[in-house]
Amino acid sequence: KAGVTQTPRYLIKTRGQQVTLSCSPISGHRSVSWYQQTPGQGLQFLFEYFSETQRNKGNFPGRFSGRQFSNSRSEMNVSTLELGDSALYLCASSLEGQSYGYTFGSGTRLTVV
Amino acid sequence: GDSVTQMEGPVTLSEEAFLTINCTYTATGYPSLFWYVQYPGEGLQLLLKATKADDKGSNKGFEATYRKETTSFHLEKGSVQVSDSAVYFCALKSGANSKLTFGKGITLSVRP
Chain H
354 KAGVTQTPRY LIKTRGQQVT LSCSPISGHR SVSWYQQTPG QGLQFLFEYF
404 SETQRNKGNF PGRFSGRQFS NSRSEMNVST LELGDSALYL CASSLEGQSY
454 GYTFGSGTRL TVV
Chain P
56 GDSVTQMEGP VTLSEEAFLT INCTYTATGY PSLFWYVQYP GEGLQLLLKA
106 TKADDKGSNK GFEATYRKET TSFHLEKGSV QVSDSAVYFC ALKSGANSKL
156 TFGKGITLSV RP
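Heads up: the sequence lines are chains H and P, in that order.
So the first sequence is residues 354 to 466, counted in the working numbering.
So the second sequence is residues 56 to 167, counted in the working numbering.
So that you can see chain H by itself, here it is in the shape it has in the complex (with noise of 0.2 angstroms):
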């Protein structure tokens, strides 16, 4: 059984710039979530999609978005890049329901320069 996907593994980008992350969950997973995590700050949560719909979000500025496809599969972009976007972006699936936990992908590096 496939894990989470996350591509790129790696990224540097100009400030300024927007960049978008795709992750593909695992197969029948419909709840895709998105955390960025730095050594600062620790794991911060940006926002859930399920079934195509933002059903949580977190506390991060509109130059973070994301969304999901009918195949939930999901991308997340940020625009206007700044130095303190640079983190580990991890994204997770889920099957519906509390005692189901989350499935990690292994992250997007993004280095903003």
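I should point out that these hints are in silico values taken from the structure, not numbers from a laboratory.
Be careful, since some hints might not be right.
As the list claims (entries may be wrong) - SDA-like, lysine to any residue: derived pairs with alpha carbons at most 20 angstroms apart:
1) P:K159 / H:Q390
2) P:K132 / P:V165
3) P:K159 / H:P392
4) H:K410 / P:S153
Chain H is already provided as a structure; the job is to place chain P on it using the hints.
Positioned in the frame of chain H, the structure of chain P alone reads:
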């Protein structure tokens, strides 16, 4: 809102030592509780979980018991190995439509 508090780290132990990592939580209702582990350069992996009070989750020698009366879910292992060196996160999920809320994580280093 929901929150998870983990003990301050980092933690350094010698191989075969006993491990306890404390985790307490605040949540509405009766959450499910999880421990995740992150090895260097990787994403998070689910280590174990418990979905109701007094449940004990276990995996790879690690155990944690869901204690509703003390709102705790402490992680234990009787004899750690060098390969257990990683970052450990406690997390909860409260409600079918809720997100997973994480603690800050704690780094464990095990010396040979």
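Do the hints match the structure? See the list:
no. : hint            : in the structure
1   : P:K159 / H:Q390 : holds, 10 angstroms
2   : P:K132 / P:V165 : holds, 12 angstroms
3   : P:K159 / H:P392 : holds, 10 angstroms
4   : H:K410 / P:S153 : holds, 10 angstroms
Consistency with the previously given hints is maintained throughout, with no hint failing.
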